[in-house]
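Take a look at the letters that make up each chain.
Protein chains: 2
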Amino acid sequence: MLAVDKNITTTRDHFLSYITELQETICKTLEDVDGKGVFRQDSWERTEGGGGISRIMENGRVFEKGGVNISAVHGELPIPLQDTIGVNESRFFACGLSLVIHPLNPYIPTVHANWRYFELYDNQENRKDCWFGGGSDLTPYYIFPEDATHFHLTLKEAIEPFGNGLYLKYKRQCDEYFVNLHREKEARGIGGVFYDYLRPVDENDEQKLLSFQQSIGNAFLPAYLPIVRKRMEHPFGENELIWQEIRRGRYVEFNLIHDRGTLFGLKTNGRTESILMSLPPRVRWRYDYHPAPGSPEAALLEYLKPRDWVNVR
Amino acid sequence: MLAVDKNITTTRDHFLSYITELQETICKTLEDVDGKGVFRQDSWERTEGGGGISRIMENGRVFEKGGVNISAVHGELPIPLQDTIGVNESRFFACGLSLVIHPLNPYIPTVHANWRYFELYDNQENRKDCWFGGGSDLTPYYIFPEDATHFHLTLKEAIEPFGNGLYLKYKRQCDEYFVNLHREKEARGIGGVFYDYLRPVDENDEQKLLSFQQSIGNAFLPAYLPIVRKRMEHPFGENELIWQEIRRGRYVEFNLIHDRGTLFGLKTNGRTESILMSLPPRVRWRYDYHPAPGSPEAALLEYLKPRDWVNVR
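Going down the list, the sequences are from chains A and B.
Take 1 as the starting number for the first sequence in our numbering and just add one per residue.
Take 1001 as the starting number for the second sequence in our numbering and just add one per residue.
Next comes chain A alone, as it looks inside the complex (with noise of 0.2 Å):
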C-alpha cells in the first residue's frame, strides 16, 4: 500500500514518504525509552484500496500499551461521507498517522496524536480539492502543570512560525472538540492543538501546509518524552492504578460515543483491530465515583476544563 513513487514530485507523496518516516522514527525512540517493550509490525491491505502498517506495543516497561499507525486508502467517496465533508467529488486518497499511547505509570499521561492528508478527484482523475488536518493532546491522570505547559509551549513554538494566532485557535478548537459532552462537558484531558480542512490557496501554500505539518510531527516526541522521562521513576501503588482504570473509562467514552475519526473508520468497515488500538489495556466503571475532596484525584479535575497554558496571543 505505502510504496511511494520514487521521483517523490507531489504533496501526496512527500507526506507518505515524511509519516512513513515518523513512524520509524517515533516507535524507534518509544523502544529505547521503554527498553523492553517492541513494536510489533501488522500490515494490511483494504478491499477497495489501499490499505496500512500497525505497529503495536504491549506489556512494555514504561508503555503498556500503545499504537503508531499508518495508513493510505484511496476509492470511492461514499455519498454519506460526501455529504459530511461537503463536496460531491466521488473518488478520494486519504493518508495518515494515528498515535495513541498508554503508560503503565499512572503519573505519565496517556497521549493522542493525528497527522492526516486528504485528496479529491474528478472522473478524470485530476485533483480538486486537497486538505491537512490533525492535532496532538494529552491526558494525564495526576496534574503537573508544568508538564501541561511543556506540552502546549513546545506545539506552541512548532506553529507560531507559521502564522501569529494560529496555535491559539488550534488550541480552542482542540478544548472544543475533545469533551465528554455527556459528562457535563468535561475535557478528555489538558488538550493540545486540533486542526482541519487546511487548504492551500495555491502551490506555494500548499509547500507552507506541508512544512506546517511536519513542523507539528517532528513536535510530537519532544513535546511528550520529556514528561515520561520526568515521570517514569514515580513510585505508584494499587490506589493510583484503580485510578488511572476509571479515568481510562472516560477516554473509552471519548473514543466510542463521540470520537468522529473512530466512529467513521468503524462504520466504514475500517479494519477495527487498527482503530480500536487506541481503547486502553485495563478499564474500570464504578458507579457514581467520586475521589475525595482534596486528594491528588480530585485535583486533576479542577483542571479538565479549558485554561491557558502559555502566554497565548
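Take every hint as true, because none was put in to throw you off.
In the SDA-like style, the derived pairs of lysine to any residue whose C-alpha atoms are separated by at most 20 Å in a straight line are:
#1 A:36 <-> B:1287
#2 B:1185 <-> A:264
#3 B:1267 <-> A:177
#4 A:267 <-> B:1288
#5 B:1169 <-> B:1114
#6 A:267 <-> B:1184
#7 B:1185 <-> A:270
#8 A:267 <-> B:1257
#9 B:1036 <-> A:287
#10 B:1169 <-> B:1153
#11 B:1036 <-> A:286
#12 A:267 <-> B:1181
#13 B:1267 <-> A:250
#14 B:1185 <-> A:273
#15 A:267 <-> B:1260
#16 B:1267 <-> A:264
#17 B:1185 <-> A:263
#18 B:1267 <-> A:258
#19 A:185 <-> B:1269
#20 B:1185 <-> A:46
#21 A:185 <-> B:1046
#22 B:1305 <-> B:1175
#23 B:1185 <-> A:272
#24 A:267 <-> B:1177
#25 B:1267 <-> A:260
#26 B:1267 <-> A:186
#27 A:267 <-> B:1179
#28 B:1267 <-> A:259
#29 B:1185 <-> A:47
#30 B:1267 <-> A:181
#31 A:267 <-> B:1180
#32 A:185 <-> B:1268
These are calculated hints, taken from the structure and not from any lab test.
Just so you know, these numbers come straight off a predicted model, no measurement behind them.
Got chain A sorted already, so can you dock chain B onto it with the hints?
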C-alpha cells in the same frame, strides 16, 4: 416521580406500579442469592419532568456490579426523536425498568433486561398513541448450551400463551439487534427476545399487551437465577477473569457504539450514571487477541451467531 395514582385505572398507572414492585422483587432476590452485596438506592429528578430510582450493587460475593433501574419521565418530545420514532405528537410519557447484572464468576453470564411503556399526547393531553417494548438477553463468557436453552425456553413459555410464533419473531429480532457490526457481526451473546412498538388495537388488546409485558417481566428471575445457582461455585482463576474482561470489552463496544437506548439517553440529557451502570466493572482491551484454537474460550465464539436454542415454531 413515581407516585402512582391510588385509584389505578390506566395502563400507565398499572405498568408503573408493576415495575416498581418488580424492581423490589428482583433486588431482594438477588441480594438473597448474593448473601453479601446490597443494592444502594439513588433517586433522581429530571429538570424537564419526571425522574427515576436507580438501585446499584457493587462488590457483592456473586454479583460484581449490577443495576436495576426504574424511571418515569414526561414532557416535550424533541423533534429529532419525533422523526426517529416517526410520529408528530410532541408531548410524551415513558417509563420502564432496565437492568444489567455483571457477576464476578466468569462462568455465570451477564444478563440484561428492559421493559418499557410509552405514551404520546396531543395538545389537549389526550392520549394519541402508546406502545410497549423490551426484552431480555444473556451474555456468557463460557458456553453451557443447556443454560442457553433454559434461558430461551423460559422466555418462550412466558410468551407462547400470547400467540403462536411470537417467541420466534422476538428471538430473531433480538439476534438482529445485539450485534457488533464492526466485529464481523459477532453477536453480543446468545440472545433472548427483543420487541418494540407493540401497539394495542383496542382496549382488550391493551390489557393483553400489559399482561404479556408482565409475563416476560415475571420470567426474568426464573430464566436467570437457576443459571446463577448452577454456576456460582464453579472454580475460576486469573485466566478466566482475563477472558471475561476481554469479552466485557465487546459489551462496552456494543453499548457505546450501537445501543440505541444508551445513545438516546446520553444525547437527550438523561442521567449519565444511571445509563452507564450497564458498563462492566473491570474491562480489558488487547490488540487483536484470539483465544487458542480448541480452548473453552475459542468454543464460545462458535456460539456467537444466531442459532435455535429451543424447538421453534
